[in-house]
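As given, the protein sequences belong to chains A, B, C and D, one line each in that order. Note that this note's numbering numbers the first sequence so that position 299 is 299, with each residue one more than the last. Note that this note's numbering numbers the second sequence so that position 385 is 385, with each residue one more than the last. Note that this note's numbering numbers the third sequence so that position 308 is 308, with each residue one more than the last. Note that this note's numbering numbers the fourth sequence so that position 306 is 306, with each residue one more than the last.
These are calculated hints, taken from the structure and not from any lab test. Certain hints may be false.
Calculated cross-link-like contacts (lysine-lysine; reagent style DSBU-like; alpha-carbon spacing at most 30 Å) [to be verified]:
| # | chain 1 | residue 1 | chain 2 | residue 2 |
| --- | --- | --- | --- | --- |
| 1 | D | LYS192 | B | LYS386 |
| 2 | D | LYS192 | B | LYS379 |
| 3 | B | LYS120 | C | LYS126 |
| 4 | C | LYS126 | C | LYS192 |
| 5 | D | LYS126 | B | LYS274 |
| 6 | B | LYS379 | D | LYS215 |
| 7 | D | LYS192 | B | LYS376 |
| 8 | C | LYS215 | B | LYS120 |
| 9 | C | LYS192 | B | LYS130 |
| 10 | B | LYS122 | C | LYS215 |
| 11 | B | LYS25 | B | LYS398 |
| 12 | D | LYS126 | B | LYS375 |
| 13 | B | LYS379 | D | LYS194 |
| 14 | B | LYS321 | B | LYS481 |
| 15 | B | LYS177 | B | LYS281 |
| 16 | B | LYS391 | D | LYS194 |
| 17 | C | LYS194 | B | LYS122 |
| 18 | D | LYS215 | B | LYS380 |
| 19 | B | LYS164 | C | LYS126 |
| 20 | B | LYS82 | C | LYS215 |
| 21 | B | LYS164 | C | LYS194 |
| 22 | B | LYS82 | C | LYS126 |
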Amino acid sequence: TVSGTTEQSEVEGTTPPANEIDISAQVDAALEELTSSVLSLGPNGEAPAGFESTELTADEVAQIQAAGLTAAIVMHYAGNDWSSAQIEGLKDEFARLGIEVVAVTDADFKPEKQVSDIETVMALNPDIIISIPTDPVATSAAYKKAAAAGIKLVFMDNVPADMVGGTDYVSVVSADNMGNGAASAHLMAKALNGQGKIGLIYHDADFFVTAQRYQGFKDVLSQYPGIEVVEEKGIGGPDFAGDAQAAATALLTKYPDIDGLWGVWDVPAEGMMAAAREAGRLDLKIATQDLGTNVAIQLAKNELIIGLGAQRPYDQGVAEARLAAAASIGKTGLPVFVALGALPVSHENVLEAWKTVYSVDAPSSVSSVYVK
Amino acid sequence: MSKELGPVIEMREISKSFGSNPVLKAVDFSVEVGEVHALAGENGAGKSTLMKILQGVYQKDSGSIYISGSKVEITDTFSAKKVGIGMVFQEFSLIPSLTVAQNIFLTNEPTKYGLIRDSKAKSLATELFKTMEVDLDPGRLVESLPTALWQLTEIAKALAQDAKILIMDEPTASLAKHETEGLFSLIQRLKKKGISIIYISHRMDEIYRIADRITVLRDGSRVLTSRLEDLTPEKIVEAIVGREASAHLLHHDRSENISEEIVLELENLTCGSKVQGVSLKLRRGEILGLAGLMGSGRTELLNTVFGVLRPTSGTISINGKRIRNNSPSDAISNRIALIPEDRRSQGLVLDHAVTENLTLPLIDQLTVAGLLSSKKVLKKSQEIIKQFEIKLAHPEIKVGSLSGGNQQRVVIGKWLATDPEILMMDEPTAGVDIGTKGEILDLVRTIANSGKSIILISSELPELLSVSDRILVMKDGRVSKSLDRKEIPNEEYLQLAIQGAS
Amino acid sequence: MSNQTAFAPILSRLKRFEWRQNIIYIAFVAVFLLFAVLLRDSGFTNPNNLMNILRQTATITVMAVAMTYVIAAAEIDLSVGSIAGLSSVVTAMSISSWGLVPGIMAGLSVGLVAGAISGGLVAWLKVPSFLVTLGMLGLLVGVARWITASAPIPIADQTYIAIFGGGQLGPVPTIFIWVTLVVGIGAIVMNKTKFGRHVRATGGNLVAAGYTGVKTARVKFIVLMLSGGGAALAGMLYAGRLQSGRFQWGTGDELSVIAAVILGGTSLFGGRGQVIGSLFGAVFIGLINNGLILMGLDVSQQQVVRGAIIILAVALSRKK
Amino acid sequence: MSNQTAFAPILSRLKRFEWRQNIIYIAFVAVFLLFAVLLRDSGFTNPNNLMNILRQTATITVMAVAMTYVIAAAEIDLSVGSIAGLSSVVTAMSISSWGLVPGIMAGLSVGLVAGAISGGLVAWLKVPSFLVTLGMLGLLVGVARWITASAPIPIADQTYIAIFGGGQLGPVPTIFIWVTLVVGIGAIVMNKTKFGRHVRATGGNLVAAGYTGVKTARVKFIVLMLSGGGAALAGMLYAGRLQSGRFQWGTGDELSVIAAVILGGTSLFGGRGQVIGSLFGAVFIGLINNGLILMGLDVSQQQVVRGAIIILAVALSRKK
Ligand SMILES: Nc1ncnc2c1ncn2[C@@H]1O[C@H](COP(=O)(O)OP(=O)(O)OP(=O)(O)O)[C@@H](O)[C@H]1O
Ligand SMILES: Nc1ncnc2c1ncn2[C@@H]1O[C@H](COP(=O)(O)OP(=O)(O)OP(=O)(O)O)[C@@H](O)[C@H]1O
Ligand SMILES: [Mg+2]
Ligand SMILES: [Mg+2]
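Same shape as in the complex, but just chain A (with noise of 0.2 Å):
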C-alpha cells in the first residue's frame, strides 16, 4: 500500500546513502507485514477475526429487519472524528438493518456519567446497547446489570472487567491500536532514514486504547537503533491540542536540534504543528495516529505530518452493528474478538486512506491541497 518511496527519494536529488535504502525496504516490508495481520489480542488473548467474519446474510438480513429491534449507543466520548464516524457507521448499519437507535449518549470521558448514561438508557429498553467504557472497573457493574437485563452488548476496543465474551457480552471490535502504534514508529523510521532524535507525547491516563499504541510505537522504534528518544511528556487534558502545543514548544527548547515528535493522536499533534510552526521548524517530522482531518492536510501537503496508523472506525461501527444484530436474532458462532488491521498513512496514500477510513471521498480540503 506504501508506494512511490523510490521516487521520493529522486525527487530530493541526491544520491541516497547506504543505510537509507535499507531502511525504506525494511520499512516497506514491515508495514505489509502490519497491514496483512493484527498484533493485537483479544482481552483475554482471543486471536482476533477479521472484518468478513461479521457478514450477514440476506435471510439474516430480512430476520432481523423483522424483529422491529431498538438499540442504544453509549459513548465515553463523542467530540472527535473517530467518535462521529464511528457512530456513523452503527446508525447506517443499524438503519440497513431495520433498527431503531433510541439514544446516543456521551460521557465526556466521566466513568460516573457512563454509569449514570447505562442507567438511563435502560429505562428505554433497548435490544442492544454499543458501547465503549471509560474505565473497566467503574462500569462493570452497569454493564452486568444490563447483560442480566437481557441487553446484547457490543464492546469498542475495551471491554468491563470480569466480563466474558460470548456469555455476557457477544463481543468487542477493535482496531489493533498495537498496531497502529507499529504503523507510525515505522512511517518515523523511514521519515528519519532510521538516525536522528525525537520527542514523544504520550496520552498521561490509564487508557487502553492509547497505552496500547504507545506500547506498539515504542515496541517497534527498539527496532531502531539509529533513533533516540530524547524525552517522554505526559498531556493530561482536557485541552489536549493546548497541553500538546506546551509540551512540544518545551522540547523545542530544551533540543534545538530535534528531529521529530511522536503524538498519541491527530488532537494533539495539531497542537505540536503548532508549535513546529512558531518555531519555524518545518522540517520537524511528526507521527502520529488516527486520520483527522487537519492531520490529513499536512499529509496531502506533505508538511509537518509524515505519517500515521489509521484507526478503520467507521467499519468497526458497521461490524459492531452486525454483531450485535446478529445475536438479537440467536445467531451463535460469533467471533468474541474482531479487530480490524492497522492503516499505515502517508503522503502518497492519504487520499485513499481517506475512503477507506471514513467509506466516502476525502473532502476538498483535503484534496485540493495534495501536492504530487
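Please build the complex by placing chains B, C and D with the ligands on the supplied structure of chain A, with the hints as guidance.
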C-alpha cells in the same frame, strides 16, 4: 462588690492612629454608674474610634482601660461583651439578609435543645419595640427597611444585649421626633436600672435633654469634660468648633429672591401606594421643605421625581415642559440632583477613593481629548474637599474609612458640584456636626439665592423651619398641608400639623 | 376577627414568598410534568428511572449541601471535585491495606484536612477562596494521580460497597439514607442553629457580623472544612458506586455543584442559604440529563437543550 | 520645602501601594527568577521560549482583559471558552464559504450576539450571570458540535493565518500586536474613560451608581457583550494558530481566565478592575506551565507544583 464607687469605665491616655494619621491623642474618658455621658465633637474628631476601641472593634495603640476599677484588655467584641459593653453602631451592624428579630438576637439567640427558637426571638423583639414605642414587624427582612427602621433595629439590638454599659453612636441621626422621644424615655428607665450610657450626638437639644455630663473631642484630643448644668450651649458649641458659631438656625426672609417662574411642577403624581396624587409647584429660587412622619412617603416622592421609581400615573414638568424620568441619568440630564437618604447604600461606593466618588457624576468635565485627566480629577476633588471641609488623610483614601459625617459631606459635595437647577435633599445633614450643619444650611440659602430651586426633607424641624420658604406636610403619601413659612409661628405648630392634629 | 388572625400569617407568608428565590421548585415541577407527558412511553416516570435520577445525583447533592454553607458565607470552593477524587483513591487504598473502618476514616480525613488547609488560608490569611481552592483543585488531582500512577484502585470489600454503593437497608437504598441524612442535617443546622445563623451573618455582612461578635474567621474555616468533608463523602459514594477509587471521580463537578446551589436560591454574594433548594437544584440538573437522553436526542442537541432550559428557568425567575 | 512637595506624592503613593492587589507583579518576578536559575540549561530564558510563553497565553490574555470588565462590574462570564470554540468554528466555515472578511465578521458577530444575549438577560431581567452564562456555555458548545458534527473545519486562507496565527508585521509577530492592542485599549478604557469608571462604580455599589446616574443595566449589558467579543477574538486566534476551527478550542478556559483576572488583583466582588494585572496573571500561569514542563516533571507533579505555587502566591498576598 456591686456598690462599687468610682467610675464604671475609665479610659486613660488612649492613643490610636490609622497608618500615619493620628486619630486619638492620649484621650482620658470616664463614665459613672447610671450616668448618661454625652460625647461630642466635629466630624472626624475621633468619637466613633474611641468607642470602637471600647467595644473591641479597634485596638488601641497605647493607654489603658479600667472597668469597675480593674484593668481589662479588650481584644475583640467578645471580650467587650463579657465585661458588659454593648454598642449602637453609627454605620450599623445589621445583616441585610436576616430578619429584624434574627438581627436583634444575633449571637444571643434563644435556643432549646440547641435549636434556635425564632418565634421566641420574635415575641421578645416585639416586646422590645413596644418599650421603645415603635411599631415594626420583627419578621421583616432588614434589607427591605428604610434607614430610620435600620436605626431602630440597631438600637433594639444593643438593648437586647443586657449590657451594663451602652454606647450609642448617633442613634437618632435618621430618626424623627416621635421615635426620638421613645428612645429618650427608654434611656431614662435604663438609667434608673443603673446602666451607664455613652451618648454621641450632634444635636445639642438632645444632649441637654438627657445627658448628665459631656466630653468634647477636637482633632483627637479631649478639650472639655463637665457637668451640663455648668455649661451654656454656646460654650459647648465653641468647644466643639473651636470658635464662636454663627446663628444659622435663624430664619431669614428671602422672598425677594423667589421669582414667579415655575421650575418644577408635579400634577397628580402617583407611585404605588407610597405616593398618591401629589401636586406641587416649585418656583425658581424657592426652598421647599417636606415634613411628615416616618413612612409618610417623602422619600418615595423625591425618588419618583428623580427617576429611581417609575410613576404609575401623573406628570412631571420642568420649566413648563413635560418630561419623562425613566432613570436618574434622565433626571440628571434635566439638571436635577438628589442627595439620597442613605449615604452608605445609595450615596457612595465605599470601597472607592474619595476622588472617584466625588467626580463620578462630573466625568464629562474632567477629560482631555476624551480621556480622564488624573490632574483635573485631583484638582476638582481638592476644590470640593476644601469647600466642604472634608477631613481626610489623603484624597485617594477609601471613602469607607472616613468618619460618618465626612462621608455625608462627600455625598453633598459630589452633588452640589454638578451645579443642578433643582436640588433635592433627603435628610442631608444627618450625622453632620453642628458647625458644618450651619455652613450647609447657609450654602443651601446661597444656592437658592443664585436662582436654583431646592426641595429639602428634614426630620429636624428647627432646621427645616430655618431655611424653608414654604413647607409641605405629607401624610400617607398625600400632601396634607401646604404652609407658607410665615404662617408657622413655632416648632410646636408644625409638629402638630405633621401629626395631623391641626 | 379571629378568622383574620388565623389567616394573616399565611397571607403574609404568601406575600413574602420570593419567586426569585423559589423558582427552582416551580421549574422542577414544570420540567418534570413536561417530561412526564412527552416521554410517557419511554419509561421516564417508571419508579426505577426516578430512583436512578436520585441515585445519580446523590454525589452532587451531598457536595451541594456543604457548598450551600460555603456560598452562604460568601466564599466559594472549587476543589470539591478533586477532593472527591483524592478521597476515593485514599479510601480504596486504605481499605485494601488496613480494612474497612480505617479506610473510611482515611477517606474522610483527606477531605477534612484539605478543607481545613483551604479554610485556614481563607479565614486567617484572608486570601480569596476562589484562588486558594483553585490551587487546591490542581494540587489534589495531582496528588491523586501521583499516588495511583493514574490507575484505578479496585475495591473488593462488599460491606463498603453495600454501605456506600448499591446496598439496601431493608427496602431503602443506602444511598437515599446518605442523602436524607446530609440534606436533613444540613437544612436543620442552617435554619435552626447558631452556627447556621452565623454562617449567613458572615456572608451577609462580614464587618457587621464581626461587630456583633460572630467569629467570622472561625465560621469561614469551618464551612470550608465541612465542604471538604462533604466532598470526601461524595468521593466515597463515587467509590462505592464505581467499586473503585480513581483521581477522575468528581472531576469537573465544581461547576455543577455551584450551579445546583445557585439554582436552589442561594446567592453567590452570600448571606442566604437554601439547603433544600440545593437538593432540588441538583436533582433538577439530573432530571434534565435523564429526560434528554430518553428523548433520543443527539449529544450536541442534548447540550443545546440543556443550556436553553437552564437559561429559561433562570430567566423566569426574574424580578417581576 | 519645594523638595518636600515634590517627594510627597511619590511617598504617599508608595505608602498606599497595596501589596494585596499588586502581589502578581512580585510573584511574577519571583517565579521568573526562580525558573531562570533552575532552568538555565534548559533554554527557559531563550528569547524564543519567552516569546512562545507570550504567544501561548495570548488567547487567555485577550479573554482576561474582557473578563476584567465583567468581574469589575460584579458579574461573571463562564461562557468565554465555548464562545471561543463556536467563533473558531463559525469563522472557519464562513471563510471557506464566503471569504476572509465575511469570515472574520461572522466570527466576531457570534461572540457579540452570544454576549448580548447573556448581557440582556443579566441586565434587564436581573438574573444571576453565573447561571445564565453556565447555560450559555453548554448551549454554545452544543451548537458548535451540531453544525460541525464534532469535526474540525480546516482553514486554508493564508492571509487569515498570517493575521490571526503565526504571521509577522515586519519583525513583530501579529499576535503581539493583538495582545498589545487589546491590553492597551482595555487598560485605557478602564482607567481613563467614563465607561470604565461606570463599570467599576456599578460593581462597587449598584444602588449608589444608579443614584448617581450610571445606567447600570446598560453597563452590565455592554460588559457581557464585550466579553463575548473578546472571547470571539480569542477563538479566532485559536483558529489562526491551529489553522482550523473546532468546538473544543477554548474548552475549560473559563477557570484559567477568571484565575488570571483575580491573580491580577481584580476582586471577585466587583468594584475594582486591573487590566494590566490580568495580563500578568495570564502570563504568570503560562510561565509556570512552561517552566514545569521544561523541568521534565510528570503531569501529576506539574499539577501539584502548579497548585502549590498558586496557593503560595496568594497566601503571600495576605494583609499583613
Ligand atoms: N478604618 C479606618 N481607616 C483609616 N482611617 C480611619 C478609619 N476609621 C476612622 N478613620 C479616621 O479616623 C478619624 C476619626 O474618625 P471617627 O469615625 O472616629 O470620627 P467621629 O468623631 O466619629 O466623626 P463623625 O461625627 O463624623 O462620625 C477620621 O479622620 C477618619 O477618617
Ligand atoms: N413603622 C413602619 N413599620 C414598617 N414599615 C415601615 C414603617 N415605616 C415605614 N415603613 C416602610 O418604609 C418604606 C418607606 O418608608 P420611608 O420611611 O422611607 O418613607 P418616608 O416618608 O420617606 O419616611 P421618612 O420620613 O423617614 O423619610 C415603606 O416600604 C414602608 O412600608
Ligand atoms: Mg462617628
Ligand atoms: Mg425617608
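Status of each hint after checking the structure:
1. LYS192/D with LYS386/B: Holds, at about 25 Å.
2. LYS192/D with LYS379/B: holds (16 Å)
3. LYS120/B with LYS126/C: violated (36 Å)
4. LYS126/C with LYS192/C: Holds: LYS126/C and LYS192/C sit about 28 Å apart, inside 30 Å.
5. LYS126/D with LYS274/B: holds (24 Å)
6. LYS379/B with LYS215/D: holds (26 Å)
7. LYS192/D with LYS376/B: holds (12 Å)
8. LYS215/C with LYS120/B: Judged against 30 Å, a Cα distance of about 24 Å means the pair holds.
9. LYS192/C with LYS130/B: The hint holds at about 26 Å.
10. LYS122/B with LYS215/C: holds (24 Å)
11. LYS25/B with LYS398/B: Roughly 23 Å between the alpha carbons, so the hint for LYS25/B and LYS398/B holds.
12. LYS126/D with LYS375/B: violated (37 Å)
13. LYS379/B with LYS194/D: Distance of about 18 Å is within 30 Å: holds.
14. LYS321/B with LYS481/B: The hint holds at about 26 Å.
15. LYS177/B with LYS281/B: Since the Cα atoms of LYS177/B and LYS281/B sit roughly 27 Å apart, the hinted pair holds (cutoff 30 Å).
16. LYS391/B with LYS194/D: Satisfied, since the Cα-Cα distance of roughly 27 Å is no more than 30 Å.
17. LYS194/C with LYS122/B: holds (16 Å)
18. LYS215/D with LYS380/B: Holds, at roughly 23 Å.
19. LYS164/B with LYS126/C: With Cα atoms ~34 Å apart, LYS164/B and LYS126/C exceed 30 Å; violated.
20. LYS82/B with LYS215/C: holds (15 Å)
21. LYS164/B with LYS194/C: Answer holds: LYS164/B to LYS194/C is near 24 Å, not above 30 Å.
22. LYS82/B with LYS126/C: Answer holds: LYS82/B to LYS126/C is near 26 Å, not above 30 Å.
This entry does not satisfy hints 3, 12, 19, going by the numbered hints stated previously.
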